[in-house]
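Listed below are the residues making up each chain.
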Amino acid sequence: MSGVLGQLNRRGAAWLALLAIALLALPLFANSYVLSVAIVILYFAYTGQAWNVMMGFCGQLSLGHALYVGLGGYAAAALFVHFGIGPWAGVWAAMAACVVFGAVIGMLAFRFGIGGVYFALLTIAFAEFTRIGFDHWEWLGASGGFFLPVAQRQYNDLANLRGSPEMFYYLMLALVAAAFALCSWLLRTRIGYYWLAIREDPEAAQALGVNTFRYKMLAVVISSAMTSLAGVFFAFYYNNLFPEQVFNIGRSIEIILGPIIGGLGTLFGPILGAAVLAVLADGITEALRYAGIEVPGVKQVFYGLCLLGVVVFLPHGIWPTLARWLGVTADTRRE
Amino acid sequence: MNVGFDLVANVVVAGMLTGLVYGLMALGLSVIFGVVRVVNFAHGEMMTIAMFAATALFSAWGVDPFLAVFPIAIAFFIVGYALQATLINPFITRPEHTQFMLLVAVAIILVNVLLMLFGPNARNVQVDYQLESIEIGPVLIDVARLYAAGTALACAAALFAFFRFSLTGKAIRACADNHLGARVVGLNVKRLYAFTFGLGAACVAVAGCMMVLLVDVTPVLGPYYTLLAFVIVIVGGLGSMTGALLGGVLIGMSEAVAGLFVTPSAKSMVSFALLIVVLLFRPQGLLGRSTR
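Sequence lines, in order, name chains A and R.
Quick note: the first sequence uses this note's numbering, first residue 1, plus one each step.
Quick note: the second sequence uses this note's numbering, first residue 1, plus one each step.
Just so you know, these hints were derived from the structure itself, not from any lab.
Note that this is a predicted model, so its numbers are computed, not measured.
Possibly wrong hints are sitting among the right ones.
Rough simulated footprint, nothing fancy, chain A against chain R, three-plus residues with beta-carbon under 8 Å [as the list claims (entries may be wrong)]:
(1) 123-134
(2) 139-145
(3) 224-231
(4) 256-267
Over the 12 Å line for every Cβ pair with chain R, so calculated as not near, a few chain A residues [unchecked claim]:
(5) F29
(6) F112
(7) S143
(8) P165
(9) Y170
(10) L173
(11) T189
(12) A205
(13) M217
(14) L305
(15) T321
(16) R324
Pair ranges (Cβ atoms, derived) [unchecked claim]:
(17) W139/A - L67/R: 47 to 53 Å
(18) G86/A - V139/R: 19 to 25 Å
(19) V100/A - A266/R: 20 to 26 Å
(20) A22/A - R282/R: 40 to 46 Å
(21) G144/A - P95/R: 40 to 46 Å
(22) A25/A - R282/R: 53 to 59 Å
(23) A122/R - N239/A: 38 to 44 Å
(24) N239/A - N121/R: 44 to 50 Å
(25) Q126/R - G250/A: 53 to 59 Å
(26) V100/A - N121/R: 41 to 47 Å
(27) L67/R - G145/A: 41 to 47 Å
(28) F112/A - L140/R: 38 to 44 Å
Quick reminder that beta carbons are idealized off the backbone N, C-alpha and C, glycines included.
Produce the complete structure using the sequences and hints provided.
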């Protein structure tokens, strides 16, 4: 964490400490609704951070990150339901599955020199292909969905990830903190600098002797492994998996909205973006209910308009502007 | 599985004809990408809007989709022109992911405006020639499908002719070949971009009006068509016009055959597998030029 604190000035560090205390204390006074929203925010903060490694740091646009969420979730859930293997062991299988998929996609794409839009479409294609495959895989419930036995919520069984929303909240918070720490550390290592070089100018990076293939692969592998954990969390928190939902391209887009809205390539961007989007979505729902408008789709139209506004007027996301405004001089990498 | 030759022939021909309509839709995407260099992530949503417009005109005044093509295509051209001129042109020089986000936002808005206006239920048009068919040897062809494919082909031919022979078409091709060069010789690139986006939108409008004769339309169909158009265009070659048509026919046929031999719900798996194979071994697409 010292790396990040080094980037923040004293005021920024104070804000961060305040935020950490608030997040740790949240379950003490939040009702179940606020807690569920908080879990969703943390979930998207985490997946956004994972995606950001690939796109924000290394410049490889993946539009199929739902693939890793789904694979991770299904792998851990299948081990749990069919073989009674707990999630802490299953998580390694989930990670392995995602790393293999990520590595295959990366290897194929980067070996054959597929980049930019084509790479993005390749990731969509793999995600869609897998979605339809899972739709027909009877052992995993096919399109009818795959269900985990629902837990009694009296006690928390951390070993089997059966328990109360509070437990899932702290688990997700820990994941977000860990991902944040990992990313801030990565950015200060040689790997991080190579990634930024590749993002800014792949040819120049190669000319300087950076093995672009190896470091792009590393980004994909790290990103997919991180995302697989979110999948395991998803499976055990919601207790159900539908291929149509988890692998859907809509999910992939949800994952990437946060970091782009928040600030691509920044450490705080994914977290801020996830919070802004969740508050926006719920705020719109509440406002519409208050106004008595009950037409399906209105909420999403507002949502789309807000998105449009951010993309048009804040092309670098909210965080760089906000950081300047707060005077915390946080990561200046994107500016 | 024992499937007779006649059945396979029927399915292949039907798939080919549907594929031509797919091809026209993908042609719109290909033209826009080939010139403007922006991937239209709202393409399928535009397609569903055209389909809904056709059903609305039909249910309100009984307008046949073949007549509805004209007003809808003109409206789409104008809207496409305006969209490019106001919203997308400022994004031309921005990074790909911001362009992507812009069009995703547009797509979200379009799908949900449709949902608000038309509700989630499926809609269709019913004209009497949808039930007719003609027999050629063992193959039975739906008349509606044949007309739809013919219109798609005619529209594509008109577009080819426009790009080959008209002065504006040549100017647009010049923009696509060399942006800077086009500006140097004094072409108004932004206006030509807007014109191109309008043309692409008009292609989608025609394809949508034809598609409504073949399938029922729901608002959620948008993302599906967006993906389908991507697959077709990549398989055929991004920016290649004949490639888009060829890709459409190929995907239409493979979907139909997969629906017959595997299950209908797995039909797009074949398309995506085809896409992955093409991306790996011929990333520029079947008819794409490699020097791009």
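> Has the hinted range 40 to 46 Å been met by the Cβ atoms of A22/A and R282/R?
Replying inline: 54 Å, violated
>> So L173/A supposedly isn't at the interface. Is its beta-carbon more than 12 Å from every beta-carbon in chain R?
In response: 28 Å, holds
> Has the stretch 256-267 of chain R got at least three residues whose CB is nearer than 8 Å to a CB belonging to chain A?
Replying inline: holds (count 3)
>> So is the stretch 139-145 of chain R in contact with chain A by the C-beta rule, three or more residues under 8 Å, or is the coverage claim wrong?
In response: violated (count 0)
> S143/A: least C-beta distance to chain R exceeds 12 Å?
Replying inline: 7 Å, violated
> Honestly, do W139/A and L67/R meet the 47 to 53 Å range at C-beta?
Replying inline: 52 Å, holds
> Do the beta carbons of Q126/R and G250/A sit within 53 to 59 Å of each other?
Replying inline: Since Q126/R and G250/A have Cβ atoms about 32 Å apart, the given range 53 to 59 Å is violated.
>> I want to verify a distance hint. Is the separation of the beta carbons of F112/A and L140/R within 38 to 44 Å?
In response: Distance hint for F112/A, L140/R holds at roughly 43 Å.
> Would you say Y170/A is clear of chain R, with no C-beta pair closer than or equal to 12 Å?
Replying inline: Non-interface label stands for Y170/A: nearest chain R Cβ at 32 Å, farther than 12 Å.
> Could one say that the CB atoms of V100/A and N121/R fall in the range 41 to 47 Å?
Replying inline: 42 Å, holds
>> A range of 40 to 46 Å was offered for this pair. Does it hold for the Cβ distance of G144/A and P95/R?
In response: 41 Å, holds
> Holds or violated: 19 to 25 Å for the Cβ distance of G86/A and V139/R?
Replying inline: 58 Å, violated
Checked against the numbered hints above, the structure breaks hints 1, 2, 6, 7, 14, 18, 20, 23, 24 and 25 and satisfies the rest.
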